[in-house]
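There are 2 protein chains.
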Amino acid sequence: MTETLFNQILQAQVKCKDCEDRRANIRVSIELKSTSNPVHKKDLVVRITDDIDPYFLYNLVISEEDFQSLKVQQGLLVDFSAFPQKFIDLLHQCIQEQDKDNPRFLLQFLSSTPVLDHTPAHLNIVETNAFKHLTHLSLKLLHGTDVEIKKYLAICLTCVKAQTKYQQQSEQQRRELESLHQKNIEQ
Amino acid sequence: MTETLFNQILQAQVKCKDCEDRRANIRVSIELKSTSNPVHKKDLVVRITDDIDPYFLYNLVISEEDFQSLKVQQGLLVDFSAFPQKFIDLLHQCIQEQDKDNPRFLLQFLSSTPVLDHTPAHLNIVETNAFKHLTHLSLKLLHGTDVEIKKYLAICLTCVKAQTKYQQQSEQQRRELESLHQKNIEQ
Chain V
0 MTETLFNQIL QAQVKCKDCE DRRANIRVSI ELKSTSNPVH KKDLVVRITD DIDPYFLYNL
60 VISEEDFQSL KVQQGLLVDF SAFPQKFIDL LHQCIQEQDK DNPRFLLQFL SSTPVLDHTP
120 AHLNIVETNA FKHLTHLSLK LLHGTDVEIK KYLAICLTCV KAQTKYQQQS EQQRRELESL
180 HQKNIEQ
Chain S
0 MTETLFNQIL QAQVKCKDCE DRRANIRVSI ELKSTSNPVH KKDLVVRITD DIDPYFLYNL
60 VISEEDFQSL KVQQGLLVDF SAFPQKFIDL LHQCIQEQDK DNPRFLLQFL SSTPVLDHTP
120 AHLNIVETNA FKHLTHLSLK LLHGTDVEIK KYLAICLTCV KAQTKYQQQS EQQRRELESL
180 HQKNIEQ
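Protein sequences, first through last, are from chains V and S. Numbering-wise (numbering that gives the first Met the number 0), the first sequence opens with residue 0 and increments by one. Numbering-wise (numbering that gives the first Met the number 0), the second sequence opens with residue 0 and increments by one.
The set of hints was computed from the structure by calculation and includes no laboratory data. Here the structure is a predicted model, which means the values were calculated and not measured. Among the clues, some could well be false.
Note that the list lumps identical chains together, so a pair holds whenever it fits in one copy or between two copies.
Unchecked claim - The calculated lysine-lysine pairs, modelled on PhoX-like cross-linking and capped at a C-alpha distance of 20 Å, are:
1. Lys131 to Lys182
2. Lys160 to Lys149
3. Lys131 to Lys70
4. Lys85 to Lys32
In isolation and in its complexed conformation, chain V is listed as follows:
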């Protein structure tokens, strides 16, 4: 079972090695995947995509065990179940500030290479105060494999087709209602 907890386009500061920083829109999606066969297991899936670039896909799957390492490494004080909401709260703080020239909370997407290629990247949530940049969260994401991108594009295609079909049906219904209304007037 997959529960979508967050799925929004956010403005991020994109920083690549030896390149000038730029602002870009990225889609951040957070999903909770539960399986109970063979064992009860929960994974948090963080996915970064770009609605304009179909090949842009970065993934991070955090299991309950992985989370323990992340917790120690980043000095987190919440458990696995409370983490997604705290992460979403931080993303909302970024959204609130994203149109400001000097946002207090900023979403960063960092690559250690000159271009966003197949190397891992970091998604950081950074607070800027008068003294320093304070990193509230730093997640290491892997570039999607061909299989993952294929699967993601298939889902996107299905969604777009369903949306188109829905729009066509709505349009058809609207025309039928109009025609019925016209006949009633004429009678």
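For chain V, the structure is supplied; the task is to place chain S on it using the hints.
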């Protein structure tokens, strides 16, 4: 020329490897050393000592060049001249909170070994919010060499001797004044 910017006893959380955390009083001193011969040069000296343990001495000397690395490494947004005051402001935030059970700002003294021996240690200023521990500053200090401890103890000894002498002189003056007062009454 040495200018003392800060010299106070603070309560710190001492964390050694495989040991239970404990609270201890440490003296933090921050000095600005200026030399103009052969070149104009400023060094910020951070010294951690323990008024009870004469051999406890950790040092960090930050030159203007060193500061550039520290600035990049820790995402600082202030320059060398503004840094000491910001550091002192953070220490004052720790002082304000040090008697609380759950201080928002905490001074930490960390060693990667089971005891505070001759290995480097970290002086951290950590903010704790509902989500995580946020490190505002982390300074790596080196244990004082025999020569440094010798010099430090010589200064301490000179200060204590001067203080004792001052107290003896004050006491002497007090007695003389008392005796004079007594004579005046008797006349």
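Tested hints:
1. In the homo-oligomer, the alpha carbons of Lys131 and Lys182 never lie at most 20 Å apart, since the shortest distance is 71 Å inside one protomer and 67 Å across protomers.
2. For a Cα distance limit of 20 Å, the shortest separation of Lys160 from Lys149 inside one copy, 16 Å, qualifies, whereas the shortest one across copies, 79 Å, does not.
3. Taking the closest pair of Cα atoms, Lys131 and Lys70 come within 20 Å of each other only across two copies (9 Å); inside a single copy the shortest separation is 23 Å, beyond that limit.
4. Within a single copy, Lys85 and Lys32 get their C-alpha atoms as close as 18 Å, which meets the 20 Å cut-off; across copies the closest is 45 Å, which misses it.
Going through the hint list in order, the structure does not satisfy hint 1, though it satisfies all others.
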